[in-house]
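Q: Here are the chains, one letter per residue:
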Amino acid sequence: MSRIEIQQLTKQYLNRRVHPRSGDDPAIKPGDTFDVISALDLNFNNGEMVCILGPSGCGKSTMLRIIAGFDVPSSGQVLIDGRKVREPGTDHIFVFQQNGLLPWMTVWDNIGLGLRHMKDKTEKESTITEFIEMVELDGFEHHYPHQLSGGMQRRAELARALAVNPNLLIMDEPFSGLDFLTHMKMREEVVNMHEYLRKTTLVVTHDIDDALIMGDRIVVLSSSPATVRLDCHLDYDRPRDFEKLPELSQLRSEIFFMLGVNYAV
Amino acid sequence: MVTFIVLFGVWELIHRFGTWSDQVFPSPFVVLTSLKDLFENGTLVKHMVASLYRVTIGFYAAVLVGIPAGILMGRLEFVGKLLNPLLQFLRPISPLAWIPLAMLWFGIGDVPAIFLIFLSSFFPLVVSTIAAVKSINPIYFQVAANLNFNTWEVTTMITLPAILPSVITALRISITIAWLVVVAAEMIAVQSGLGYLILDSRNALRMDYVMAGMIVIGAIGLVLDFLMRQLERIESVQWGTQKK
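Chain order of the listed sequences is A and B. Its first residue numbered 24, the first sequence is counted upward by one per residue in the working numbering. Its first residue numbered 216, the second sequence is counted upward by one per residue in the working numbering.
Careful: at least some of the hints might be erroneous.
EDC-like cross-link-like pairs, simulated, lysine to aspartate or glutamate; straight-line CA separation at most 20 Å [said to hold, decoys possible]:
hint, chain 1, residue 1, chain 2, residue 2
1, A, K208, A, D232
2, A, K208, A, D260
3, A, K147, B, E447
4, A, K142, B, E368
5, A, K208, A, E156
6, A, K208, A, D264
Hints are computed from structural coordinates only; laboratory data are not their basis.
Just chain B, with the same shape it has in the complex (with noise of 0.2 Å):
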């Protein structure tokens, strides 16, 4: 709380004593009411809004296929050999990469956005997840088949939940990267969420507005860490997660 308060009393004396005028570096008085206003005629939360449902749809969808996809390629070993290279060759190419083709393939609109945050998430988590089951102490896998556990059960008793601390963490980065990746993709390929917000008042010559546009983002993304956080706190996966 502190840290923005002294922030926010920088940028006020810089924005005092500098040459810049109001059009260029806005203060943070002329920024807060803008913010104001944003909120007040509805144009903020239908632009968070939008900018939200598409992390959430490719959030939740890089999830649920890059967790398995890490498991199986973890597991076994002939399938992570045969995809390893793949994902390799894939992983370093940068989502925004991907915008052209994106858009070409599925138009302009939702889908292209939440095609390249499932991207830019699903990579970390494939990645994060094989390295986890890989790590898994072999001990709890001879216990296993000590106790007659078949693959289901080794999947849902052992592997998943070992792998849940690391995985929590590979999401808490993830979500992070999905958040900095809608911003760009809406830039592009959409005309709403807060990164065409940003772009519009940009061409609008509002920089008070680009500013609040930033400050939202900011916030949200905080608030989605400590949601991610917040998992952490489960008792079952305190072993992996509390510092000893």
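Next up, chain A with everything else stripped away, as it sits in the complex (with noise of 0.2 Å):
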């Protein structure tokens, strides 16, 4: 549980593109820095739930390469708890897209990858075995990540990532590739797993409903450079019902038209 502190981060990088594409700025010239983030000032509050939305390439996966630690920004910085990031660590656990699991070693091993140095082996264990069960995966212990299915692969990270207690838990797309049901279930997951131990969360996608379902708060990026469109907080218990709730299904189509499509089913 944490508080994040985004303080005027940029970062450029160089344009390789010689062709430009339709809709980049004919200013900046092949070889010329752009800026992806500029001057982003974020606060994140202890123990909330963010989903970050916006146009892809926006810039909001870097947002979170930076966060975690695996990118340095041009400028700017990033405070979690009031210390500077630096590098990645246990303290801000990035849960991949996919692959994230070391296809080498079973669910297991995996899950107890952060746990190497824990002295007392029963307590290791036991941590390992609380985490398992959490995400259901009680019984593909000693299976192989190949040998699982999409959906267990991501519970099977997910639980990797809290096995280590961090603060801050980023997540980067995290149902993408998951088929429809995998996805809501998935989702599920995530909710119930932040209900309970409140840890704060960011969650980039680029689905709607997935922010609106899951976010106490949602932000709402701005494209090249990537800027604050939106950002507005969600006080509605869950699970939610977009029939019963008209302010978030209006939310819905706001969203929607700020990202540029007009007729929002």
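Could you use the hints to bring the two separately framed chains together as a complex?
A: Set out below in structure tokens:
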């Protein structure tokens, strides 16, 4: 449970593209640098589940990677509980889109990776068991990732992330590539996990419904450079039903419109 | 099995209806009898042991040097850039071209042969290890960084297991090459081994012994490949070796 402060965050990239795409700023020539994120200020509170939306390529993944410590900002900084993020660490765990499990290790060993320095063997084993049960993978402890379904792989990865007891969970499109039903179930799982553990969780998604159903807060970013277009809190109980919450449906249309879709069904 | 029976039959037919004498093209039955003779008087076993001994030492040395070298060159960019031109230059030189130098440096005996086998397996192993290291999904290193792995842990828990499936394939290829090279090396540098047996039999004009030697070489090659293939059945490499 951490407070995250993003202060004047800027990330510049070199434009390597010789032939500009339609929609690119014609002022940016090949070899120029351009801002993917420009002087972004954002604060996330303790225990919040924040869903971040934005057009593809808007810099939301870059922002996550900087918060995780995988990427360094060109200027500005990210503070977690007042301490500057300099490198990746178990305090702020990044949950990958897919293939984050090490394929040469069983589910059990993968989940135990972050606990490998634990002196007390019985405590280590009970922690692993606890998280395996939490994501309902009991019976699959000794399976290898390639023997699991896509949804099970995501759950195992979530368990590995939670097992190190991080203060911040960073999820980059956690449901992409899952079939519809698995997507819904996995979303439920993440919501339950959050209700139970109350960890500060950042979720980048391109699915507006995910954001509306999961988020304590929704942040919509604009495209290159990323700046905040909408920042709203959702104080509705979960599970949320669009039918009974006309405000949510209203918000949904607004966000769709903001992202360039005029007639969302 | 069927393949070998057919081959045997065709061989016998060619022998029956051909015009070659037994000295030039012996019948498979003669060869089998000679094989039995060679086996019984101990010559064959002695030469087999000599060849396998050289291959084992040379191959293990290549594995012990080649794989760590490949990991270093693959992981540390400056080491790779420094050594890669040298590697690419030495690689196309056939190990057999080293024979004169090997004999000059190490004399006659096991050492030059082992050196040649080392060279023959070393280059394919290094090259495929580098390629394997470079093709590791970067996500795994990010996971490792996220979970505070130190360099040793990254090497033993990420890099090594990640390259293992491709390294096993490379081991299969290089043991075959090593086996090819040992026979050639034994024809020049030493007085024992299956290569020497073949050369010596040729000098004695015993083509049945030459063919017996070839059969043994082929059979051992099959066994070596079979043994290497067993490595692919290890459970923690099946993610990379199993056909999807």
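Q: Hints first: check each against the structure and report whether it holds.
A: These are the hints, each one checked on the structure:
no., hint, result
1, K208/A with D232/A, "holds (14 Å)"
2, K208/A with D260/A, "holds (18 Å)"
3, K147/A with E447/B, "violated (31 Å)"
4, K142/A with E368/B, "holds (17 Å)"
5, K208/A with E156/A, "holds (16 Å)"
6, K208/A with D264/A, "holds (16 Å)"
Checked against the numbered hints given earlier, the structure breaks only hint 3 and satisfies all the rest.
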